[in-house]
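Protein chains: 8
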Amino acid sequence: MKPKVLIIMGSDSDLPVMENTSKLLKEFKIPYKMTVASAHRTPDRTVKLAMEAEAEGVQVIIAGAGSAAHLAGVIAAHTTLPVIGVPIDSSPLKGVDALYSTVQMPPGIPVATMAVGNAGAKNAAIFAAQILQFGNPALTGKLKVYKKKMAREVLEKAKKVEKK
Amino acid sequence: MKPKVLIIMGSDSDLPVMENTSKLLKEFKIPYKMTVASAHRTPDRTVKLAMEAEAEGVQVIIAGAGSAAHLAGVIAAHTTLPVIGVPIDSSPLKGVDALYSTVQMPPGIPVATMAVGNAGAKNAAIFAAQILQFGNPALTGKLKVYKKKMAREVLEKAKKVEKK
Amino acid sequence: MKPKVLIIMGSDSDLPVMENTSKLLKEFKIPYKMTVASAHRTPDRTVKLAMEAEAEGVQVIIAGAGSAAHLAGVIAAHTTLPVIGVPIDSSPLKGVDALYSTVQMPPGIPVATMAVGNAGAKNAAIFAAQILQFGNPALTGKLKVYKKKMAREVLEKAKKVEKK
Amino acid sequence: MKPKVLIIMGSDSDLPVMENTSKLLKEFKIPYKMTVASAHRTPDRTVKLAMEAEAEGVQVIIAGAGSAAHLAGVIAAHTTLPVIGVPIDSSPLKGVDALYSTVQMPPGIPVATMAVGNAGAKNAAIFAAQILQFGNPALTGKLKVYKKKMAREVLEKAKKVEKK
Amino acid sequence: MKPKVLIIMGSDSDLPVMENTSKLLKEFKIPYKMTVASAHRTPDRTVKLAMEAEAEGVQVIIAGAGSAAHLAGVIAAHTTLPVIGVPIDSSPLKGVDALYSTVQMPPGIPVATMAVGNAGAKNAAIFAAQILQFGNPALTGKLKVYKKKMAREVLEKAKKVEKK
Amino acid sequence: MKPKVLIIMGSDSDLPVMENTSKLLKEFKIPYKMTVASAHRTPDRTVKLAMEAEAEGVQVIIAGAGSAAHLAGVIAAHTTLPVIGVPIDSSPLKGVDALYSTVQMPPGIPVATMAVGNAGAKNAAIFAAQILQFGNPALTGKLKVYKKKMAREVLEKAKKVEKK
Amino acid sequence: MKPKVLIIMGSDSDLPVMENTSKLLKEFKIPYKMTVASAHRTPDRTVKLAMEAEAEGVQVIIAGAGSAAHLAGVIAAHTTLPVIGVPIDSSPLKGVDALYSTVQMPPGIPVATMAVGNAGAKNAAIFAAQILQFGNPALTGKLKVYKKKMAREVLEKAKKVEKK
Amino acid sequence: MKPKVLIIMGSDSDLPVMENTSKLLKEFKIPYKMTVASAHRTPDRTVKLAMEAEAEGVQVIIAGAGSAAHLAGVIAAHTTLPVIGVPIDSSPLKGVDALYSTVQMPPGIPVATMAVGNAGAKNAAIFAAQILQFGNPALTGKLKVYKKKMAREVLEKAKKVEKK
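Chain order of the listed sequences is A, B, C, D, E, F, G and H.
So for the first sequence, this note's numbering puts the first residue at 8; every next one is plus one.
So for the second sequence, this note's numbering puts the first residue at 8; every next one is plus one.
So for the third sequence, this note's numbering puts the first residue at 8; every next one is plus one.
So for the fourth sequence, this note's numbering puts the first residue at 8; every next one is plus one.
So for the fifth sequence, this note's numbering puts the first residue at 8; every next one is plus one.
So for the sixth sequence, this note's numbering puts the first residue at 8; every next one is plus one.
So for the seventh sequence, this note's numbering puts the first residue at 8; every next one is plus one.
So for the eighth sequence, this note's numbering puts the first residue at 8; every next one is plus one.
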């Protein structure tokens, strides 16, 4: 099946974080493609991926990067598909640099920024599903089931904590 | 026409910022409803707006708030619709508080966070259009035209600056 | 005995921090109930806990959470009981996100914010005791004894350091 | 009537901020005394105010200060009454210094910290009322009325914004 | 004469800052071209400017931008010419966002980052002259004269202050 | 009379801040010399001032500077006299840059850092007096009188605030 | 011999940092006393130590503390002796809280603030020696010898690095 | 062969970071000299190195330092050669102090600042090569080859990630 989501990370060292995204997309049965492209070291590849995505049927692009994280912004500059950014805490500044570089986009070119690190990578998958649900009621159903499952898990944890 | 986008702001003092969103949605001819609801002062109203949105045909919710900006997160907790957050720089901490409160969502409940202030409010409208474009090729067209118009405007400004 | 203090944490991973609170309440012989509720994953449960607390005889609610820590604020929105917030340093931003999300409450809905992490969790218990002491002179006595004990401990440490 | 709340500010230049507190206490008909005492310039006076408060019938102390805001902490060191701290944005660091100096109290001596500036000053009054309500059902009533009034005001503003 | 320095700013609103650069280059008699190109709104133009610069005889590129300032990084990705970045304080975050976005480049693609705002814009011109001085002893001479002039100005100011 | 305190500021634009220092030294009748020297634009002059100070009878050096405020550190590198640093909020980063540049000295070369801006400039004068008081009991007396005067002024302000 | 320097730390857990101070004072043969006193847990002891120091012949007080580090400021409030503050990075905020709480003193009550952590603790000892050197030429000599020794050590390290 | 690049680090503890610079210069076959000089502990040596560099044929100086990193600025004050600064994260403030101290140079004396830590140290070497390439077409060639090699490496990593 053709990928609906394209996950791009700035470096293969970002893989442990971005696998949070791919695992959850798999759980939602959303076809995706995951690759590496650097806004700075392979700018042409990054632009090409961004420009061809729409024609290839991709509907959402998720970009994860650290430091001066330009990846999501550069991709957003070359597409009108929704781009989700995941700032990664891989530099000595602990992700504040990646957060500001990802979220503070100028008017005209939005990047939907998630939390720094693993939490953000998971949420990128869920947000992609929330975008893709329109015209796909099964996916809406899965999102609602997932939400209920989370609630149930919290309740179970609550019981354990209450027993202590 | 029924609103596809619901804009909620935490206080009417956020209106000058959030009008950046409504103006752009109007330009894109996307029907929207704009209102005020506080996560803290009218929590029930906020929850009600969030829970009823889907049934009313809303597809994207945009929430703008300052200080400990819980609004977008609280809404996202009560819906599986995509929620876009706009942090507003209305406290002495100049929007860093609103940014962290909006973007640092825990795994499970994403908020697509935009830049602090006016830039973010504009981008919220564009990002909503990017979500709504699927099954609406006219909107995709408008997004591409808008992107070209922005590019043209930069070129005109470039010429003026070059002449100096 | 009916709990006078309700301790809520956003996730069971916050337990090692929030046990600082429960241990101290136990030491003060203040009956408490400790549970887990997420402002985002179990919003209804959170609201229910907040709304029923007063009728159940709870007089103080203590909420500990990390990241975009909305828990204390959401609880405060649904009760007129005093709410104490403990920001937890569980995200890559090391608790600054939780601190700003907890303390920067808008006018009308206060959250009494404690220090980030363990220190704040201990102080939440003491502050709860300081609230509960009115009409309970024994508790005032305990607080004064506790204060003296702390002073004595510092003196003993001072002696050890002076001997070196 | 004897003051139940003692408002202390570090400098008379903090008065415009701290009047948010006194006005709201007046609205709640809570008797208060408001004065100036500097933790650094009049330490003895500060200590004396803190130590005598309990005997004089004060039940809550509210301390507002800017810069290295030690006032609330110094007061809390000398009393077992609940102390509420209001960080004020009066230095070039815009209140982050006052916030950290007020909230990061070591274990043993809590300061219930409110938001930076005017919002925090208002909330200090409400939080004081929330503490004082026990044994004073009229005050609980006023708090609930106040909460409803805030909600109503938001609704009115919502209507105005919706009409635009 | 063909430009040796290419000044690019992300928006014409950055002109008042970047004129600090052009004025100083003029003073050093270094031929330059100044234009506007946005990494996000005109990515192709930005890439084209970066890629053609070397062939056109440009030896240094100076890029000034605010918010998530990707401009200098995107240019550096497409050239092996030295790229100087000037972070501009045009967003509510007051230039910290632009600074982190400009300076925190990943290994492989350097951006020589100057101070935030006017000071950085002036220094970009001087640093460009320092690069261009090799094989141009007259420019080295000008740099030394400029340095002496600055020192003389400080001495004159010192005398005025000493007289007070 | 020979100056005991040497006040150096990095730029004459720092004069409004550093006059807080000179006025207070005058009030304490401590002879001083005030001048301008830039660690970057007149490094030789700065070093010369630092190295000759001791032989000329100077006992304390006060250095005020903004941005990457190296002035106090450079002076401290060239003398064993006590050096007091005043960080000035003259850049877009509002003094945090000057604070970190002044206070974070490596082991071996201390700079006694005061608060950012006017408060720090005043305190630099008082701290200089505290250093110079040894062998000068009159100065100790003045410091105690000054402290009492401050306390009295707070009391007067307290009365005014209490009357309201 | 009577102590000329009084070292106070807020907690015995600060000892590993503050031993940097005592070791260096020993090296300079400056008699000192080192003890523990908390501004918050033993305020009376802290005030007493501050008030009696002068009469006991102490000439410099060094205070090291973490979190909301009020210790140095509280001591400075009760003495006209010079007070040196060492901010300690013992909380989740990594010393920024202690730095702001120590350095941002209001006008009138200076605290000579050193760098965060070990570097600052060492420099506190050197700065104390710089204060105490007046009327003690032997100490001036030691400071100059120490400065030369540091320079020699750097030269030796330079040789090692150059050989690589 | 005479060194074209002079690498100076503030302490031998900075060597693991600055070896990233020397290794890359070796790879580019650019002759360099690497040594240690402290702006604070060996100011004369630092100034001498800066002043003699030009006459000895050095064309670029790279300075790496942590904490209040004055090294690059002090060197830049004494030369008109281009100076590249590498902020090092060796203090409890994790490199933000070194970044601000290096980048926020006042107008007149630029320091070309790289990213904090290892990334910045590598980029300093590349940026030096970008400066030295003029009149050295072989070096331009190497820079282009290096850029291609980086791109190739990213592609290989992309393939590995895609296979997963």
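Possibly wrong hints are sitting among the right ones.
What the hints assert, rightly or not - Okay, derived cross-link-like pairs now, EDC-like style, lysine to aspartate or glutamate, Cα gap no bigger than 16 Å in a straight line:
id, chain 1, residue 1, chain 2, residue 2
1, A, 151, C, 51
2, E, 40, B, 19
3, G, 149, G, 51
4, E, 166, F, 19
5, H, 55, F, 19
6, D, 9, D, 59
7, A, 164, C, 61
8, F, 55, H, 61
9, C, 9, C, 61
10, C, 155, G, 34
11, E, 9, B, 19
12, C, 154, C, 169
13, F, 9, F, 61
14, D, 170, B, 19
15, E, 149, E, 163
16, C, 9, C, 51
17, C, 149, C, 34
18, E, 155, F, 51
19, E, 55, A, 26
20, E, 36, E, 51
21, H, 9, H, 51
22, E, 154, E, 169
23, D, 151, C, 61
These are computed hints drawn from the structure, not numbers from a lab.
For each hint, the structure was consulted:
no.	hint	in the structure
1	A/151 with C/51	15 Å, holds
2	E/40 with B/19	46 Å, violated
3	G/149 with G/51	37 Å, violated
4	E/166 with F/19	10 Å, holds
5	H/55 with F/19	28 Å, violated
6	D/9 with D/59	13 Å, holds
7	A/164 with C/61	24 Å, violated
8	F/55 with H/61	23 Å, violated
9	C/9 with C/61	12 Å, holds
10	C/155 with G/34	37 Å, violated
11	E/9 with B/19	54 Å, violated
12	C/154 with C/169	22 Å, violated
13	F/9 with F/61	12 Å, holds
14	D/170 with B/19	12 Å, holds
15	E/149 with E/163	21 Å, violated
16	C/9 with C/51	23 Å, violated
17	C/149 with C/34	9 Å, holds
18	E/155 with F/51	12 Å, holds
19	E/55 with A/26	35 Å, violated
20	E/36 with E/51	30 Å, violated
21	H/9 with H/51	23 Å, violated
22	E/154 with E/169	22 Å, violated
23	D/151 with C/61	12 Å, holds
When the structure is compared with the earlier hints, violations turn up for hints 2, 3, 5, 7, 8, 10, 11, 12, 15, 16, 19, 20, 21 and 22 and for no others.
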